[in-house]
Amino acid sequence: MAGTASEVAAVQVGIRGRLSRALENPTVLGLLFVAPAELVLLIFLAYPFILGLWLGFTDTVVGREGSFVGLENYQELLEDSAFRLTVFNTFLYTVVAVLLKAVLGIGLAVVLNRDFKAKGLVRAIVLLPWIVPTALSAICFWWLYDSTFSGISWVLMRLGLIDNMINFLGDPWNARFSLIAANVWRGIPFFTIGLLAGLQTISPELYEAADLDGASSWSKFRKITLPLITPLLAVVTAFSTIWTFADFQLIWIITKGGPAGATHVFGTLSFQRAMAGGHFGEGAAISNFMLPILVVCVLISFKYLRRDD
Amino acid sequence: MEREDSKLSRRDFIKATGAGVAGAAVLGSLGPLAGKAMAQVSPPKLSVEKGAELKVLRWSPFVGSDKEMWEKNTAKWEQATGCKVTTEYLSWEDVRPKAAMEASVGAGHDIVLGWHDDPFLYPDKLLDVTDIADYLGKKYGGWEDVCVKYGVYPKTGRWIDIPMGGPGQAICYRKSWVNEVGYDVMPVQMDKFIDCCKKLKAKGHPVGFALGHAVGDGNNWAHGFLWAFGGKTVNKDGSPAINSKETRMALEAMKDLYDNAMIPGCASWLDPHNNKAFLAEEISVTNNGISIYYAAKEKFPKVAEDTYHQYPPQGPVGKPTELHLMDPAFIFKHTRFPNAAKHYLMFMLEADQCGPWINAMRGYVTPSLKAYRNLPVWTEDPKHTVYRDCMKNMLWNGYEGPIGPASAAVMAEYVVVDLFANHCARGMSADKAIDIAEKAIVKAYKVKVKKAG
Chain S
1 MAGTASEVAA VQVGIRGRLS RALENPTVLG LLFVAPAELV LLIFLAYPFI
51 LGLWLGFTDT VVGREGSFVG LENYQELLED SAFRLTVFNT FLYTVVAVLL
101 KAVLGIGLAV VLNRDFKAKG LVRAIVLLPW IVPTALSAIC FWWLYDSTFS
151 GISWVLMRLG LIDNMINFLG DPWNARFSLI AANVWRGIPF FTIGLLAGLQ
201 TISPELYEAA DLDGASSWSK FRKITLPLIT PLLAVVTAFS TIWTFADFQL
251 IWIITKGGPA GATHVFGTLS FQRAMAGGHF GEGAAISNFM LPILVVCVLI
301 SFKYLRRDD
Chain R
1 MEREDSKLSR RDFIKATGAG VAGAAVLGSL GPLAGKAMAQ VSPPKLSVEK
51 GAELKVLRWS PFVGSDKEMW EKNTAKWEQA TGCKVTTEYL SWEDVRPKAA
101 MEASVGAGHD IVLGWHDDPF LYPDKLLDVT DIADYLGKKY GGWEDVCVKY
151 GVYPKTGRWI DIPMGGPGQA ICYRKSWVNE VGYDVMPVQM DKFIDCCKKL
201 KAKGHPVGFA LGHAVGDGNN WAHGFLWAFG GKTVNKDGSP AINSKETRMA
251 LEAMKDLYDN AMIPGCASWL DPHNNKAFLA EEISVTNNGI SIYYAAKEKF
301 PKVAEDTYHQ YPPQGPVGKP TELHLMDPAF IFKHTRFPNA AKHYLMFMLE
351 ADQCGPWINA MRGYVTPSLK AYRNLPVWTE DPKHTVYRDC MKNMLWNGYE
401 GPIGPASAAV MAEYVVVDLF ANHCARGMSA DKAIDIAEKA IVKAYKVKVK
451 KAG
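Here the protein sequences come in this chain order: S and R.
Those letters in the first sequence? Residues 1 to 309, per my numbering, in order.
Those letters in the second sequence? Residues 1 to 453, per my numbering, in order.
Among these hints, one or two may not hold up.
[As the list claims (entries may be wrong)] Derived lysine to aspartate or glutamate pairs resembling EDC-like cross-links, with alpha carbons at most 20 angstroms apart:
no. : chain 1 : residue 1 : chain 2 : residue 2
1   : R       : 446       : S       : 59
2   : R       : 446       : S       : 79
3   : R       : 201       : S       : 163
4   : R       : 446       : S       : 65
5   : R       : 439       : S       : 80
Bear in mind the hints are in silico, worked out from the structure with no lab data behind them.
All values reported here derive from a predicted model rather than from experimental measurement.
The following block holds chain S by itself, in its conformation from the complex (with noise of 0.2 angstroms):
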């Protein structure tokens, strides 16, 4: 009976002992304590980004269970007018206002980066856009685009300018520029304060030097600003392509997709079919044709983040 005692006794040290062991080594210990926080990505994150994968692959539409379908929903879409014309939308509405940020962006965040009376208040005022809710400026986008109290027509009309009030939403064309520059208004901030902080960042004497050897505004900008602020300019717009590629609100709040779908994005089409429509399966399937671009923009993020470490 003693016997059996301590061999209980040495098996509890034994644990306590081989437990000490791994808690002193760092990569056990890492690893828990990460795990709270792992476990919380990975049932808010990882979890829905699984489900949301494997629905894609399914015939799931509302209060019923789906099968697996393989690529149907995919082959589907890729036959759908409706979808096509969204990829166009989407396509056309990241690389112009993506575009039109950056250069935007960057413009601007130079002219911050000067030295000017109150320019901490121009910075933040700056920021403003970016901090409002995007429900909210989408709203006032709403109002300024409309098609009877639009205030920009209002103004033109007032000035002698257009004879009649501006058809922002109604026409396909008008309507995707409309959205490409509510768009644009929002998310210049994000590029000019980003790179900003870039700016700062690049010693005053490069410049002092380049205006020795005689150079010109444009070249001090093109051979010292540009190389020197590249990583962080590849970085702002990885993130900016990412959110610009799956925005919702501004798009839904404004147009609901329309005029006959033709501002139609991912995002938006891909909640009209699984919500409104209720088929799952083939929104999800909507959503996952995001995936390889934003992979590729995360990709190109990590690769200029690493460089500056």
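Use these hints to put chain R onto chain S, whose structure you have.
Same frame as chain S, now just chain R:
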């Protein structure tokens, strides 16, 4: 004898629903229809679960008095049964996704007041409510035809929801302007309707009908217009029927309206646009609920005075082909209190509750039971009367095919609205626009067929 029966049933009714003098007054207002029906029917025996706590999800009221009366009626039920009801109000466009999610996971609210085809998306998740539907139908002069379509699941012949009615739409127009172009009232006959609209625009008073992704105004207008010419998305069996000469006629007529009568920008309109434009006197005619009239009464009395309502235009088919929102109330099988839930819905549609509720909404919602056509709200202001008949004149979403996931998908995808928008605003040929719509319809109904098989 008949008189005695009527008296007896009225007394029974008041006793059964705990009604007082007000109840008798409401009942009286229903006229002979109510008395006749009530003599023949007694409510189903439902033993309400003791201490039941019901969770109800419903759309946010369009008018404050709706909520006030709904909650007052709910409080009456709570008092009568000792149970509790928690009502969650949600923007009407958000009810469908939330209810769909609850149906999928089998948890959440007990009762949902949803929209259109919702119950037909997950019929097997819903409680059979045939007993209370039969009772209410018999007692209150029968259900409007379209309500039977929206309530009974064809496969089983059983009621899966209780249609509460629907926010109806009518043609809202400025009478003085219509008079200016030579019409006494807004014409109902389609060719005259279009002629009047064109003349109005020529006089500087364009009309406006949503052809953008306006969930209510756009869908209602586009479907009703298509049906008026005999066009339809599918046949009775769900086979595509959009590629027809009737659809082409409808497209041609809409293009005529769009080019020669509508204000620019209608292709971008969402639900609020026409209200704003009408109240700002930018348009002379539109399709809408009674909300425009009441908003005008509150803020623009001059506009209200000149605002009149008319039935939507009737095309070559020669009968009303209207589409309105439908509000079915359904109970999930996952409820722990099935009897309480059924009793609650039944109670809310009894004359003592439903009458004051409909009256309080001042015409925003047209009821689903025929007896309620006689409520004073429909005649106390003659401008309300058109809205009384919305349910009577209504066809169902996906007409003339079955109601279900496919019809819901076609509406959610704005297939009919976009059909018109593609032709009118994007300059697409009728053939091309129809081809796009047909592909979307085939796709939606193929899914349904596969599921059924």
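For each hint, the structure was consulted:
1. 446/R to 59/S: holds, 12 angstroms
2. 446/R to 79/S: holds, 15 angstroms
3. 201/R to 163/S: Status holds; Cα separation ~17 angstroms.
4. 446/R to 65/S: Measuring from Cα to Cα gives roughly 17 angstroms; hence the hint holds.
5. 439/R to 80/S: With a Cα-Cα distance of about 8 angstroms, the restraint between residue 439/R and residue 80/S holds, given a limit of 20 angstroms.
Violated hints for the displayed structure: none, as all numbered hints are satisfied.
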